[in-house]
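Student: So the chains spell out like this:
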Amino acid sequence: MAVLTQKKPTTILEKLNDETWRRKFIRNVLIPWLFIAPLLILHIYVVTVPAVQGIYMSMTDWKGVGRNANFIGLENYRELFFEDETFGKALGNNIIWMIFFLTVPFILALFAATMLSQIKRGGMIYRSILFIPYVLASVVTITIWKNLLNPQRGIGAALDKMLGLEGAFGIAYLGRPESALMSIAFIDNWHFWGFLMILFLAAMQAIPPVLYDAAKIDGANRWQEFRHVTLPGIRPVVLFMFMMVAIWSFLAFDYIFLSTQGGPGGASEVIATLLYKNAFFRFEAGYGAAMGVVISIFAGFIIMIFVTLRRRGWDI
Amino acid sequence: MTAIGKVSLQDAVLQRGRSRERSRLLVFNHAVLLLLTAFAIVPLLVLAFNSVKTNLEIGQNPLGPPVNIVTDNFPNAWAKGHFATTMGNSIIYVVATIAAELVFGGLAAYALARKKPPGSDALMLYFLVASTIPLWMYIVPLFVQINALKRIGVDARLLLIMVYVAGNAPLTIFLLRSYMIDLPSELEDAARVDGANEFQVLTRIVIPLTMPGFLTVGLVVGLGVWNEFLLALTFIHDPNQYPVTTSFYKFVDRFDRDWALTSAGAVIIIFPVMVLFLALQRQFINGLAEGGIKT
Numbered sequence: 000m001a002v003l004t005q006k007k008p009t010t011i012l013e014k015l016n017d018e019t020w021r022r023k024f025i026r027n028v029l030i031p032w033l034f035i036a037p038l039l040i041l042h043i044y045v046v047t048v049p050a051v052q053g054i055y056m057s058m059t060d061w062k063g064v065g066r067n068a069n070f071i072g073l074e075n076y077r078e079l080f081f082e083d084e085t086f087g088k089a090l091g092n093n094i095i096w097m098i099f100f101l102t103v104p105f106i107l108a109l110f111a112a113t114m115l116s117q118i119k120r121g122g123m124i125y126r127s128i129l130f131i132p133y134v135l136a137s138v139v140t141i142t143i144w145k146n147l148l149n150p151q152r153g154i155g156a157a158l159d160k161m162l163g164l165e166g167a168f169g170i171a172y173l174g175r176p177e178s179a180l181m182s183i184a185f186i187d188n189w190h191f192w193g194f195l196m197i198l199f200l201a202a203m204q205a206i207p208p209v210l211y212d213a214a215k216i217d218g219a220n221r222w223q224e225f226r227h228v229t230l231p232g233i234r235p236v237v238l239f240m241f242m243m244v245a246i247w248s249f250l251a252f253d254y255i256f257l258s259t260q261g262g263p264g265g266a267s268e269v270i271a272t273l274l275y276k277n278a279f280f281r282f283e284a285g286y287g288a289a290m291g292v293v294i295s296i297f298a299g300f301i302i303m304i305f306v307t308l309r310r311r312g313w314d315i
Numbered sequence: 000m001t002a003i004g005k006v007s008l009q010d011a012v013l014q015r016g017r018s019r020e021r022s023r024l025l026v027f028n029h030a031v032l033l034l035l036t037a038f039a040i041v042p043l044l045v046l047a048f049n050s051v052k053t054n055l056e057i058g059q060n061p062l063g064p065p066v067n068i069v070t071d072n073f074p075n076a077w078a079k080g081h082f083a084t085t086m087g088n089s090i091i092y093v094v095a096t097i098a099a100e101l102v103f104g105g106l107a108a109y110a111l112a113r114k115k116p117p118g119s120d121a122l123m124l125y126f127l128v129a130s131t132i133p134l135w136m137y138i139v140p141l142f143v144q145i146n147a148l149k150r151i152g153v154d155a156r157l158l159l160i161m162v163y164v165a166g167n168a169p170l171t172i173f174l175l176r177s178y179m180i181d182l183p184s185e186l187e188d189a190a191r192v193d194g195a196n197e198f199q200v201l202t203r204i205v206i207p208l209t210m211p212g213f214l215t216v217g218l219v220v221g222l223g224v225w226n227e228f229l230l231a232l233t234f235i236h237d238p239n240q241y242p243v244t245t246s247f248y249k250f251v252d253r254f255d256r257d258w259a260l261t262s263a264g265a266v267i268i269i270f271p272v273m274v275l276f277l278a279l280q281r282q283f284i285n286g287l288a289e290g291g292i293k294t
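Those sequence lines, one after another, are chains A and B. Residues 0 to 315 in numbering that gives the first Met the number 0 are what the first sequence spells out, letter by letter. Residues 0 to 294 in numbering that gives the first Met the number 0 are what the second sequence spells out, letter by letter.
Don't read these hints as lab results, they were simulated from the structure. Just to be clear, a hint being listed does not mean it is correct.
Computed footprint of chain B on chain A, listed as stretches where at least three residues anywhere in the stretch have a Cβ under 8 Å from a Cβ of chain B [as the list claims (entries may be wrong)]:
(1) 143-156
(2) 159-166
(3) 193-206
(4) 294-301
We put the CB at the ideal spot given by N, CA and C, even for glycine.
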């Protein structure tokens, strides 16, 4: 009864004194935020705060040790883009990497997913086996392929022996400047493309079969079926993965670091490996941080392109 | 009668023609898929073969199946690679990360999906934006921060786990929240009417009914941590705290020419993953497809 006769609290003081309001506040605001707090605080501490610090650090000449950090403005960035030739080379390699990963795994995955989607029986077995390389650790994948690409004992040597050739295929794919980057891309793709295929396959299976029946009635051949039914059906996934893979191309690290460390002579260097070496081997923390910001700007730029296209009415 | 018979005959002819065409097409499909399957699996077979050969045999026969099977490589690799320690470490990293991720992620996702306190939308936007921040933007300052904590005596393993949990936080919240939103709220209301408190609603109703979501997050996060290399390399410098990946990296560096040994080591690392993958194929594939769209 007392509750009914009470007038609604308006000022903060009244609210705090009001039992019902307090209970409501605890239940609808305080407890939910207590649930959220641990993960949020941890995330801010591990990601957001260092990210902001990274921007500041990139404008200093800090060596990673000691307190003698001088603010030097955009000097690191100027050096990166106008002086440091290794960075230019690394950026170029990132772009080559991106072109490779926006084509090869996509074509492979689209092709395999199309083949797989038409199969009724045994599809699950193919799906599982094709997916296996994706669950392997990068250290293991690199070990496997370092052996397979070995000039004396690898596939190349075996091929030479079979064909009676000498040193035609048995070459040091990872050790030669002209083939190092593409060989690592090949290895990473061996690990990666199955994942893409699974995503495309799932999207293809979500296309209503009625559409295929309609295409058949209209006399479409397989290519036309693919072009006018399958592709539009999986378009959102393909375009989204275009964006993700483009971003990932600027983050590439593991496979390159584990196989060649960017060598020989910078032939397979990318921004991430250069950043790692600068920050953790050469104690150029500020310079490394600047590269991290540059990578983030590229990533942000790619996201912006896609957001803009979507705003313009693209079905992404 | 005859008309119907005629139609069904025509149908049968058509059907046969179609199925013959279909099966011819499927032969092509199977041929392509078998080729791709070989591409995926043969490198792994070579690895398995070499792990049961002697180095002498690998020298003569580096790619084919073993003539004599030897099993010595496994205990050798286990001992020389310090797998007893590093396996234990990796298990700690995986289990602790999954546990913390599911507890804190579950709590946060529940609050965001059901309670929607003021500020929820802003928080979702925060996680959406934060999930696009590349690791490279914050790894150098984070390294400094982590080192400062290590110097005052915080266990490096705990710090690495914290980094893993935080890094996977956006993915976990998005995934678990979407599972919880799909859950009809009548069940929870019914439990409340029966006198259950918020915590009981969460543990007795919401979590059991969104178990697939928790399993997905657990698998994606667990596999990611088991295979993780870069962060472990950056933050763990005591060999007694190495996970299998960074330890194996140093191991391969040391025994570069001993293929039998390093192949056995590689098999040891992928063995637990393979067992789990074969046991939970569907969950693995669907889970990674659903949650694997992350850096």
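Student: Each hint needs a verdict: does it hold in this structure or not?
Tutor: Results for each hint:
1. Under a criterion of three residues with beta carbons nearer than 8 Å to beta carbons of chain B, the stated coverage of the segment 143-156 of chain A is upheld, 9 such residues being counted.
2. Given a C-beta distance limit of less than 8 Å, the hint that chain B covers the segment 159-166 of chain A is violated, as 0 residues qualify and 3 are needed.
3. Counting residues of the segment 193-206 of chain A whose C-beta sits closer than 8 Å to any C-beta of chain B gives 5, which meets the bar of three, so the coverage hint holds.
4. Here's how the segment 294-301 of chain A fares: 4 of its residues keep a CB closer than 8 Å to some CB of chain B, so the rule of at least three is met and the hint holds.
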